[in-house]
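Asker: Sequence:
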Amino acid sequence: MGYATSIGKYHLGRTIGEGTFAKVKLAVNTETNKNVAIKIIDKKMVLQNKLMHQVKREISTMKLLHHPNIVKIYEVIATKTKIYLVMEYVSGGQLSDKLFYLKRLDEREARKYFQQLIDSVDYCHGRGVYHRDVKPENLLVDSRGNLKVSDFGLSVARKLIAMNNDLDLSWAQCGEKARRLAINCLRISELCGS
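Reading the sequence shown from the start, the letters are residues 1 to 194 in UniProt numbering.
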């Protein structure tokens, strides 16, 4: 995939993340001189794999959520070949990388992250949004040591569930027990580094 060096008011820098259909680049807003992260999605790949609904869902979900522990989306820019999601840049990287290097977190830090995760998940659920992919790779740490939930690509909203009978919601049958189990597994991973 070829990439421009700028899009709109943003000057693109180095790649800070990469997936099958997208790359995330560090960029600078030339008007404010502030860093942002821009997720660059290849439209052709998304259309070939029939995932445009997933991209639209991620965008609408992120626009709906405003919480200090959730990555903010600032704007979306679309061209003929790419979709650019301009988001908050979280400088500390993924929690999974931190766990890999440190092997484990001290209890106070793990408690802080866990509380911030619970606060953000509770906020999402209160607005009818279910992330469905909470894992250390989707949890970022900012320069102040605060947790930020990212990557809402697999999320679903209660409103969407009510409107779409064809949506595969086999995950939903697990309910509250599965949610608690997932969060406890994350907590153990944070504390033990396993």
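Watch out, some of these pointers could steer you wrong.
Listed next, the in silico DSS-like pairs over lysine-lysine satisfying Cα-Cα at most 25 Å (straight line) [as the list claims (entries may be wrong)]: (1) Lys56 / Lys44; (2) Lys98 / Lys23; (3) Lys103 / Lys34; (4) Lys43 / Lys56; (5) Lys43 / Lys80; (6) Lys50 / Lys9; (7) Lys9 / Lys103; (8) Lys112 / Lys82; (9) Lys98 / Lys56; (10) Lys44 / Lys98; (11) Lys103 / Lys80; (12) Lys63 / Lys103; (13) Lys9 / Lys23; (14) Lys50 / Lys34; (15) Lys82 / Lys98; (16) Lys56 / Lys135; (17) Lys50 / Lys63; (18) Lys23 / Lys82; (19) Lys63 / Lys43; (20) Lys23 / Lys80; (21) Lys44 / Lys63; (22) Lys34 / Lys23; (23) Lys72 / Lys103; (24) Lys82 / Lys103; (25) Lys98 / Lys72.
Everything labelled a hint here was simulated from the structure, so no lab data went into it.
Asker: Any of the earlier hints contradicted here, and which numbers?
Answerer: 3, 6, 7, 8, 9, 10, 11, 12, 14, 15, 23, 24
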